[in-house]
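Asker: These protein sequence lines are chains A and B, in that order. First residue of the first sequence? That's 4 in the working numbering, and the numbers climb one at a time after it. First residue of the second sequence? That's 205 in the working numbering, and the numbers climb one at a time after it.
Among chain B residues calculated to face chain A with C-beta under 10 Å, some are: (1) Thr290; (2) Pro303; (3) Arg524; (4) Ala566.
These aren't lab readings, by the way, just hints derived from the structure by calculation. None of these values were measured; they are calculated from a predicted model. For each residue, glycine too, the CB sits at the ideal point set by N, CA and C.
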Amino acid sequence: MEWETVIGLEIHAQLSTKSKIFSAAATQYGAEPNTQACAVDLGLPGVLPVLNVEAVNKAIKFGLAINAHINQRNVFDRKNYFYPDLPKGYQISQLDWPIVGEGEIDITLGGDTKTIGITRAHLEEDAGKSIHDLYNDYTAVDLNRAGTPLLEIVSDPDMRSAKEAVAYAKKIHTLVQYIGICDGNMQEGSFRCDANVSIRPMGQEKLGTRAELKNINSFKFLERAINLEVERQQDILEEGGEVAQETRLYDAVKHETRSMRSKEEANDYRYFPDPDLLPVEISDELLDKIRAELPELPMEKKARFIAEFGLSEYDADVLTSQKYLADYFETLLQVNQSQAKLCANWVMGELSASLNKNQIEIQDSPVSAQQLSLLITRISDNTVSGKIAKDVFKAMWDGEGSADDIIKSKGLKQMTDTGEIEAIVDEIIANNAPQVEQFKSGNEKILGFFVGQAMQATQGKANPKLLNEMLRSKLG
Amino acid sequence: MDVHNKTIAQLSQGLKAGDFSSAELTKHYLDRINTSELNAFITVTDELAMEQARAADDKIIKGNAGILTGIPYAHKDIFCTNGVKTSAGSKMLDNFISPYDATVSHKLNQADLVMLGKANMDEFAMGSSNENSYYGDVKNPWNVSKIPGGSSGGSAAAVAGRLAPFATGTDTGGSIRQPASLCGITGLKPTYGRVSRYGMIAYASSLDQAGPMTQTAEDAALVLNVMAGFDEKDSTSANRDVEDYTENLNDSIKGLTIGLPKEFFSEGLDDEVANQVMAAVKEFESMGAIVKEISLPNSAYAIPTYYIVAPCECSSNLSRLDGVRYGYRCDDPKNLDDLYLRSRSEGFGEEVKRRIMIGAYALSAGYYDAYYLKAQKVRHLISDDFKKAFKQVDVIMGPVSPTTAFDLGSVKDPVSMYLADIYTLSANLAGLPGMSIPAGFSQNLPVGLQLIGDYWSESKLLNIAHQFQQQTDWHTQTPGDKS
Numbered sequence: 004m005e006w007e008t009v010i011g012l013e014i015h016a017q018l019s020t021k022s023k024i025f026s027a028a029a030t031q032y033g034a035e036p037n038t039q040a041c042a043v044d045l046g047l048p049g050v051l052p053v054l055n056v057e058a059v060n061k062a063i064k065f066g067l068a069i070n071a072h073i074n075q076r077n078v079f080d081r082k083n084y085f086y087p088d089l090p091k092g093y094q095i096s097q098l099d100w101p102i103v104g105e106g107e108i109d110i111t112l113g114g115d116t117k118t119i120g121i122t123r124a125h126l127e128e129d130a131g132k133s134i135h136d137l138y139n140d141y142t143a144v145d146l147n148r149a150g151t152p153l154l155e156i157v158s159d160p161d162m163r164s165a166k167e168a169v170a171y172a173k174k175i176h177t178l179v180q181y182i183g184i185c186d187g188n189m190q191e192g193s194f195r196c197d198a199n200v201s202i203r204p205m206g207q208e209k210l211g212t213r214a215e216l217k218n219i220n221s222f223k224f225l226e227r228a229i230n231l232e233v234e235r236q237q238d239i240l241e242e243g244g245e246v247a248q249e250t251r252l253y254d255a256v257k258h259e260t261r262s263m264r265s266k267e268e269a270n271d272y273r274y275f276p277d278p279d280l281l282p283v284e285i286s287d288e289l290l291d292k293i294r295a296e297l298p299e300l301p302m303e304k305k306a307r308f309i310a311e312f313g314l315s316e317y318d319a320d321v322l323t324s325q326k327y328l329a330d331y332f333e334t335l336l337q338v339n340q341s342q343a344k345l346c347a348n349w350v351m352g353e354l355s356a357s358l359n360k361n362q363i364e365i366q367d368s369p370v371s372a373q374q375l376s377l378l379i380t381r382i383s384d385n386t387v388s389g390k391i392a393k394d395v396f397k398a399m400w401d402g403e404g405s406a407d408d409i410i411k412s413k414g415l416k417q418m419t420d421t422g423e424i425e426a427i428v429d430e431i432i433a434n435n436a437p438q439v440e441q442f443k444s445g446n447e448k449i450l451g452f453f454v455g456q457a458m459q460a461t462q463g464k465a466n467p468k469l470l471n472e473m474l475r476s477k478l479g
Numbered sequence: 205m206d207v208h209n210k211t212i213a214q215l216s217q218g219l220k221a222g223d224f225s226s227a228e229l230t231k232h233y234l235d236r237i238n239t240s241e242l243n244a245f246i247t248v249t250d251e252l253a254m255e256q257a258r259a260a261d262d263k264i265i266k267g268n269a270g271i272l273t274g275i276p277y278a279h280k281d282i283f284c285t286n287g288v289k290t291s292a293g294s295k296m297l298d299n300f301i302s303p304y305d306a307t308v309s310h311k312l313n314q315a316d317l318v319m320l321g322k323a324n325m326d327e328f329a330m331g332s333s334n335e336n337s338y339y340g341d342v343k344n345p346w347n348v349s350k351i352p353g354g355s356s357g358g359s360a361a362a363v364a365g366r367l368a369p370f371a372t373g374t375d376t377g378g379s380i381r382q383p384a385s386l387c388g389i390t391g392l393k394p395t396y397g398r399v400s401r402y403g404m405i406a407y408a409s410s411l412d413q414a415g416p417m418t419q420t421a422e423d424a425a426l427v428l429n430v431m432a433g434f435d436e437k438d439s440t441s442a443n444r445d446v447e448d449y450t451e452n453l454n455d456s457i458k459g460l461t462i463g464l465p466k467e468f469f470s471e472g473l474d475d476e477v478a479n480q481v482m483a484a485v486k487e488f489e490s491m492g493a494i495v496k497e498i499s500l501p502n503s504a505y506a507i508p509t510y511y512i513v514a515p516c517e518c519s520s521n522l523s524r525l526d527g528v529r530y531g532y533r534c535d536d537p538k539n540l541d542d543l544y545l546r547s548r549s550e551g552f553g554e555e556v557k558r559r560i561m562i563g564a565y566a567l568s569a570g571y572y573d574a575y576y577l578k579a580q581k582v583r584h585l586i587s588d589d590f591k592k593a594f595k596q597v598d599v600i601m602g603p604v605s606p607t608t609a610f611d612l613g614s615v616k617d618p619v620s621m622y623l624a625d626i627y628t629l630s631a632n633l634a635g636l637p638g639m640s641i642p643a644g645f646s647q648n649l650p651v652g653l654q655l656i657g658d659y660w661s662e663s664k665l666l667n668i669a670h671q672f673q674q675q676t677d678w679h680t681q682t683p684g685d686k687s
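Using the sequences and the hints given, assemble the complete structure.
Answerer: Take a look at the structure:
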């Protein structure tokens with residue numbers, strides 16, 4: 004039977020506020036355990052939550068970026084359950100009145116664009132961390148993360164393959180970084196995905212029973228976990244079994260998912276509006292203010308790159324796929340306005356290759372945009388050829404200095420003196436009579452031989468354009 | 205006249221005049237507390253009190269004392285006090301030394317008041333007789349075989365028994381007014397949001413409100429001046445200027461319109477209590493007030509509404525008491541579930557567990573709409589009744605409690621106990637300010653008169669109460685030193 008996969012994602016984006024959502028404690032990652040947990044985070048008797056307005060503003064920013072309806076009156080609820088890393092015995096979240104209502108975002112896959120619906124996005128606080136393997140017979144609890152603001156972004160079940168799910172997750176990942184509400188760091192847990200996966204016979208409208216996959220902390224694992232789950236469900240259904248509604252944990256090491264809890268074991272969270280917090284009222288003025296502050300979104304930037312710089316659809320797509328990538332590219336253009344294509348090629352070619360090879364994020368690149376910008380200037384003013392520039396880049400990457408320093412110290416300046424090049428060309432022609440003969444009898448390809456010889460003689464410094472012209476006229 | 209019978213206003217004058225020092229005064233009250241049989245305190249902070257008193261005396265001598273500098277008081281054990289055990293009357297928090305001050309505690313410290321100790325109370329403020337305390341029953345100073353009322357029973361007994369010039373209290377369903385009534389003192393529950401709840405151990409967050417328990421309305425005004433105010437740590441506190449509550453005490457109440465809700469004078473109200481209340485109303489008439497009968501048609505639903513809303517909120521508020529980070533933990537837990545189950549089963553008393561279970565049930569999937577949501581709707585109706593009433597009258601008067609103080613141990617059925625709050629719950633559900641003032645006696649036990657005002661009308665209520673106390677002497681009568 005042919006099956007159709009149906010996927011919806013729940014993404015938890017940690018909002019990059021300085022302090023927690025309901026307390027003044029810092030949110031910085033990696034501090035000593037329990038040093039960033041104040042009385043409120045510890046859930047001491049008598050303490051009360053106070054909403055961090057920054058978290059609200061960031062959530063609004065996201066809503067506006069996906070053209071969503073903003074609920075100008077939204078309500079915090081208590082989600083009640085007991086767990087040692089949940090100090091109050093309830094998590095403050097939003098159930099019936101989330102801050103962000105319905106919105107949408109486009110994904111592009113293999114040239115096709117598809118719109119993915121976003122059901123809602125709501126604010127909530129993160130729990131602490133239970134560490135089970137630190138002490139024998141005890142679980143250690145670190146409450147530094149407790150109360151960190153999260154925006155839970157819930158998609159419609161609109162995705163039909165693991166690839167689509169990954170494209171959507173990446174799109175959201177890009178967006179939250181673009182608008183500066185989340186650092187997107189997946190290793191540190193700032194951006195986490197849960198996937199709701201079900202399958203149904205192709206053509207059937209009714210959704211199949213879904214499993215929720217948790218604990219996925221990379222796009223690679225997201226794709227693997229979904230494919231694994233789809234296979235598992237297919238095996239069950241094709242053997243005449245039934246898929247159980249449950250929560251499953253993805254184990255990246257063993258590459259398997261295993262049941263965490265069934266629907267029957269699920270908590271009754273006894274949600275009710277938190278009486279310690281007033282409903283959040285968002286004025287039209289605030290919405291207008293945040294809308295005005297919204298930076299250029301990826302789609303807008305892509306369109307501008309095409310229109311303004313004449314980039315291809317593909318190049319514009321790649322360059323706007325990450326905020327820092329686009330920023331880097333635009334920095335190059337500040338001094339190389341007329342060289343958009345050259346800049347694009349360098350970012351997508353040499354730079355990206357080096358970053359990938361060394362697994363470095365672009366914002367940590369050893370060659371800054373300002374530094375690369377100078378090298379590109381030297382290419383366009385014919386100081387070095389594109390080929391030599393690659394060697395210069397390599398030296399810059401290794402920290403040997405600026406483009407000009409390297410060109411100077413290594414003597415890589417392009418030879419543009421016609422007399423000098425002419426002397427070398429004459430010598431090569433004189434020493435290679437058989438090849439001259441071949442060229443004259445119509446073998447155009449042999450020209451490359453002469454170029455090679457000349458480049459060898461000049462250590463690649465001869466201006467390729469000049470050299471070519473001269474060879475042709477002398478041989479012709 | 206014994207110094208302990210003086211009001212705050214009188215003590216303040218005495219301190220300034222050098223008639224006695226705060227240290228002497230404090231020592232006097234500590235001695236009375238330490239020989240008292242009322243069990244009004246859970247913790248007596250002798251050393252801290254003497255230290256605070258000496259610091260206050262320094263300020264008085266140097267001439268930079270405030271009105272309340274050096275005045276001792278009893279602090280209900282529901283307010284967190286930095287470095288001092290804060291138990292909320294529960295075994296669960298018997299080992300809890302608060303590492304921080306409640307906003308109210310902080311404000312009282314800032315005003316140079318002297319904390320004598322932490323007053324006994326019903327466990328987590330759940331109760332109407334102070335028989336639910338882990339630290340034992342509190343006795344009514346007028347008759348030690350009677351209950352003092354609850355949940356601020358220790359606070360009321362301390363003031364009535366002259367163990368403190370005033371006490372703090374909290375009122376979720378009548379916990380200031382009812383014990384004030386049964387102990388013959390003045391108690392004020394302000395408008396919800398007037399006093400910060402930060403650091404006040406939560407029972408039912410949308411109903412809890414702290415207030416003063418004093419001998420007189422004038423004293424209540426002086427203390428409210430310190431307690432009240434916006435607090436950015438409490439999102440439900442009102443960002444509204446604090447008046448000087450003493451300013452209008454002497455205003456004339458001629459022409460004041462008093463509403464008597466007929467629902468407050470029906471079946472279940474003790475005849476003698478009714479008579480005393482009506483006599484007090486007559487007194488107001490003689491002072492130029494006009495009396496009108498009004499109706500609060502939904503007040504019959506106050507008890508069922510309250511006993512859904514409050515347990516729902518408390519079931520969640522008390523979840524943090526899980527034996528994990530602080531408070532009581534059972535011996536040798538086998539696993540996490542066992543730790544939760546036994547710590548909470550052993551740490552909480554019967555009434556607290558009953559309300560947690562009622563609340564958890566009412567919030568469960570499938571019951572939420574029928575209970576919690578319905579109760580919220582009724583709550584609106586009850587508020588609307590008051591809004592309509594306050595278009596016709598300036599103040600509502602009636603009994604505080606259907607009876608005078610009953611015998612310790614005599615009411616065993618929880619539902620009968622809940623009926624003790626029948627006249628006080630509505631003000632909490634609507635968030636309105638309410639007062640209890642002494643209005644006579646029935647068989648040597650005090651009877652209180654309840655005043656309910658419109659939102660933010662504390663000043664008016666205190667004015668009305670003060671004027672009444674200028675004409676009557678119920679509030680100056682004491683149980684004597686037999687306690």
